[in-house]
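Student: Heads up: the sequence shown is residues -23 to -1, 1 to 243, going by mature numbering (1 follows the signal peptide of the UniProt record, and there is no 0).
Rather than coming from a laboratory, the hints here were simulated on the basis of the structure. Heads up, the beta-carbon is just placed ideally off N, CA and C, and yes, glycines get one too. Treat the hints loosely; a few may be bogus.
What the hints assert, rightly or not - Keeping only pairs whose Cα atoms sit at most 20 Å apart, straight-line, the calculated SDA-like set for lysine to any residue is:
#	residue 1	residue 2
1	LYS237	PHE82
2	LYS128	SER234
3	LYS119	ASP176
Said to hold, decoys possible - Using C-beta positions, here's what the derived DEER-type ranges look like:
#	residue 1	residue 2	range
4	ASN232	HIS170	15 to 21 Å
5	HIS231	PRO164	31 to 37 Å
6	GLU239	ALA157	25 to 31 Å
7	ARG133	ASN92	20 to 26 Å
8	TYR27	ASP235	19 to 25 Å
9	GLU195	ASN83	20 to 26 Å
10	THR77	ASN232	32 to 38 Å
11	ASN83	LEU129	31 to 37 Å
12	ARG133	TYR113	32 to 38 Å
13	ASP137	GLN74	41 to 47 Å
14	ASN85	PRO54	31 to 37 Å
15	ASP228	VAL136	22 to 28 Å
16	LYS161	LYS119	41 to 47 Å
17	GLU139	PRO102	18 to 24 Å
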Amino acid sequence: MKVSVAVVVYSAIVTTFVGRVVASDVVPLQESTFVIEAMSTENRLATYGYAPFPGQFPYLTFIENNGVVCNGALITPNYIVSVARGCLNRSTIKTAQYGTAILAFNKNMWEQRINFSASAINLHPYEDIALARLNYPATLNKHVQPIRLPKLSDSRSYVDMEGTTVATNRYVRNRVMSNAECTKEHPNFNATHVDICTDRYKGGAFCSFFLGSPLTIEDENGVILIGLANWISSCDNNYPTGYARILPFRDWIHNNSDYKFEHCTC
């Protein structure tokens, strides 16, 4: 179900594709119908996130396309993953030939800007997730590192674990909710098996991050990407934030990128 949108500087839609596309099909984004920004600052839970230290989130990818911005995550030196709606989407306006992935954004000498062509974008045929192959591999260092995805044997729901959502220069930590609880608390969002949600009460409401912002958890083996933001509600409402869940797309990611999934040895 679509929700109303308040126009903000960070709210926009990028181009859409079906499967692999050619450059002539790629066009700039339109205004997003999946983001609602805060209309006031009266919400005492609105922290707008916290400033990270350099190198804290080396997988975060800032994506630009003809002035439209969103986020994603670096999963190998060659590939980034993000959402389709609001980041890599189809439109009927004029053609754009490529986008730019910015790694270590605003880290001065550490920042890397790598283009990706239209033909290197692969959209899931019917769900909200997309991959883009970079024109050349990222240079890995303490500020730029791929993030791990859940192992093939990982079947956790992550409910009640602490999730961290990061966007450009801010981050926030919130509890991962069950899908049933998320649907109950959000009047406009019906969470299914391809979704995952976080609440707004443990770590504060975070209302100013981009679509595609990575959601991670940390366990005994380190940080794991579990979601990508695709349903961001008004800060004043304190509704849950929705994400595309990574787990259902592991086979698709394996078949369409060079990411090598780990198997549990326990």
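Student: Confirm or reject each hint.
Tutor: How the hints compare with the structure:
no.: 1; hint: LYS237 - PHE82; in the structure: violated, 26 Å
no.: 2; hint: LYS128 - SER234; in the structure: holds, 16 Å
no.: 3; hint: LYS119 - ASP176; in the structure: violated, 31 Å
no.: 4; hint: ASN232 - HIS170: 15 to 21 Å; in the structure: holds, 19 Å
no.: 5; hint: HIS231 - PRO164: 31 to 37 Å; in the structure: holds, 36 Å
no.: 6; hint: GLU239 - ALA157: 25 to 31 Å; in the structure: holds, 29 Å
no.: 7; hint: ARG133 - ASN92: 20 to 26 Å; in the structure: violated, 36 Å
no.: 8; hint: TYR27 - ASP235: 19 to 25 Å; in the structure: violated, 33 Å
no.: 9; hint: GLU195 - ASN83: 20 to 26 Å; in the structure: holds, 24 Å
no.: 10; hint: THR77 - ASN232: 32 to 38 Å; in the structure: violated, 26 Å
no.: 11; hint: ASN83 - LEU129: 31 to 37 Å; in the structure: holds, 35 Å
no.: 12; hint: ARG133 - TYR113: 32 to 38 Å; in the structure: holds, 35 Å
no.: 13; hint: ASP137 - GLN74: 41 to 47 Å; in the structure: holds, 45 Å
no.: 14; hint: ASN85 - PRO54: 31 to 37 Å; in the structure: violated, 21 Å
no.: 15; hint: ASP228 - VAL136: 22 to 28 Å; in the structure: holds, 23 Å
no.: 16; hint: LYS161 - LYS119: 41 to 47 Å; in the structure: holds, 42 Å
no.: 17; hint: GLU139 - PRO102: 18 to 24 Å; in the structure: violated, 33 Å
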